[in-house]
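Per this note's numbering, the sequence shown starts with residue 1, numbered consecutively.
If you're looking for bench data, these hints aren't it; they were derived computationally from the structure. As the structure is a computational prediction, the values presented were derived from the model and not from experiment. It is possible that some hints are incorrect.
To be verified - Each computed DSS-like pair below joins lysine-lysine, with the alpha-carbon atoms no more than 27 Å apart:
| id | residue 1 | residue 2 |
| --- | --- | --- |
| 1 | K27 | K6 |
| 2 | K27 | K298 |
| 3 | K145 | K6 |
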Amino acid sequence: MTAGTKEYSVYIGTYTTGASQGIYSFKLDASTGALASLNPPTRTTNPSFLALHPSGRSLYCVNEQNDGSVTAFSRDLDTGMLTYLNEQSTSGSAPCYVSVDASGDHVVAANYGSGSIAAFPIMEGGALGAPVGFVQHEGSSVNQKRQEGPHAHSIVAAPGNRHLLAADLGADRIIAYTLDSKARSLHAISSTAARPGSGPRHFAFHPDGRFAYVINELDSTVTVYTWDAAQGTLSEIQTVPALPAGFAGESTAADIHLHPSGRFLYTSNRGHDSIAIFAVNQADGTLSCIDHRPTLGKTPRNFAIDPSGQWLLAANQDSANVVTFRIDSDDGQLQPTGHQIDVPDPVCVLIAF
Numbered sequence: 001m002t003a004g005t006k007e008y009s010v011y012i013g014t015y016t017t018g019a020s021q022g023i024y025s026f027k028l029d030a031s032t033g034a035l036a037s038l039n040p041p042t043r044t045t046n047p048s049f050l051a052l053h054p055s056g057r058s059l060y061c062v063n064e065q066n067d068g069s070v071t072a073f074s075r076d077l078d079t080g081m082l083t084y085l086n087e088q089s090t091s092g093s094a095p096c097y098v099s100v101d102a103s104g105d106h107v108v109a110a111n112y113g114s115g116s117i118a119a120f121p122i123m124e125g126g127a128l129g130a131p132v133g134f135v136q137h138e139g140s141s142v143n144q145k146r147q148e149g150p151h152a153h154s155i156v157a158a159p160g161n162r163h164l165l166a167a168d169l170g171a172d173r174i175i176a177y178t179l180d181s182k183a184r185s186l187h188a189i190s191s192t193a194a195r196p197g198s199g200p201r202h203f204a205f206h207p208d209g210r211f212a213y214v215i216n217e218l219d220s221t222v223t224v225y226t227w228d229a230a231q232g233t234l235s236e237i238q239t240v241p242a243l244p245a246g247f248a249g250e251s252t253a254a255d256i257h258l259h260p261s262g263r264f265l266y267t268s269n270r271g272h273d274s275i276a277i278f279a280v281n282q283a284d285g286t287l288s289c290i291d292h293r294p295t296l297g298k299t300p301r302n303f304a305i306d307p308s309g310q311w312l313l314a315a316n317q318d319s320a321n322v323v324t325f326r327i328d329s330d331d332g333q334l335q336p337t338g339h340q341i342d343v344p345d346p347v348c349v350l351i352a353f
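Whenever a hint applies, use it, and build me the whole structure from the sequences.
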């Protein structure tokens with residue numbers, strides 16, 4: 001949010017195989033939820049996932065293509081303008097996820113196509129150095145079409161910043177790593193098997209750090225785990241459906257986020273075209289479904305919640321629109337604001353301060 005104003009910068013990652021030109025930027029009015037264009041598009045190929053440095057001064061995107069890469073941009077805190085810094089190969093195909101650790105020292109990326117992960121040091125000024133860690137995943141699972149081999153779908157720093165957790169959709173597995181940048185290696189310290197055919201995709205952690213939530217793409221479920229930060233291990237305690245009872249159509253789950261209060265959890269359904277809303281039990285971390293809200297578009301691949309917990313922005317990939325919803329702080333419900341913007345092939349939403 002710009003100092004002295006009530007605006008956030010919003011960056012939209014896209015696929016550039018059609019009309020899109022790259023990363024689009026907008027202003028989010030934090031008093032109304034309205035979105036307005038901020039800067040011309042930043043040209044880059046298939047920026048399908050975005051991540052912000054903790055300082056807000058650098059932004060990173062994956063370039064999802066056969067010869068995958070991560071691109072670094074500097075970010076002007078006053079104007080929101082992005083300026084190209086450099087690019088590093090991910091040594092894999094179709095990278096679909098990028099994140100920055102809590103210290104702001106490393107960027108990590110997941111190669112979906114080839115099923116591998118890579119880590120890069122962040123240099124002074126925000127540019128990326130040569131990779132300091134790479135792991136090729138192995139394994140497959142029961143869905144012969146989607147799980148014929150490993151498909152790393154996300155990698156994030158766990159609370160405390162001691163471990164990195166990678167979800168592999170193809171292998172039905174979640175792997176915890178430590179990063180030794182001096183030895184230029186990632187060390188696997190635990191591996192948690194997901195239910196066969198579930199396809200773990202994205203993570204969300206409870207603000208208190210005790211619980212991890214994983215959205216499973218292929219069977220449209222959410223699995224709740226306890227997180228042992230000392231041992232770097234996950235223990236499953238609950239799995240719940242992300243789709244309403246009785247829904248018989250085709251749908252795959254996509255994104256997952258906790259409300260900043262930790263009281264509500266949200267997931268997106270592509271096919272049912274909805275956001276599922278869950279109440280979070282603060283004592284044991286378990287979930288209870290509250291509702292499913294249409295996203296007013298088609299194929300909500302990604303969404304984001306602003307830091308105040310007042311707004312949810314849903315990116316509908318196949319209807320090319322991003323819609324603003326107001327979040328009710330009492331019951332977690334989503335209310336349409338009437339505000340939306342047109343963006344070609346939107347697949348990632350990042351709200352920056």
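Q. Holds or violated: K27 with K298, Cα cutoff 27 Å?
A. 23 Å, holds
(Q) Next pair to validate is K145 with K6; report whether the Cα-Cα distance is within 27 Å. (A) 47 Å, violated
Q.
Hinted pair, alpha-carbon criterion (27 Å max): K27, K6. Please report holds or violated.
A. 10 Å, holds
In summary, the one numbered hint that this structure violates is 3.
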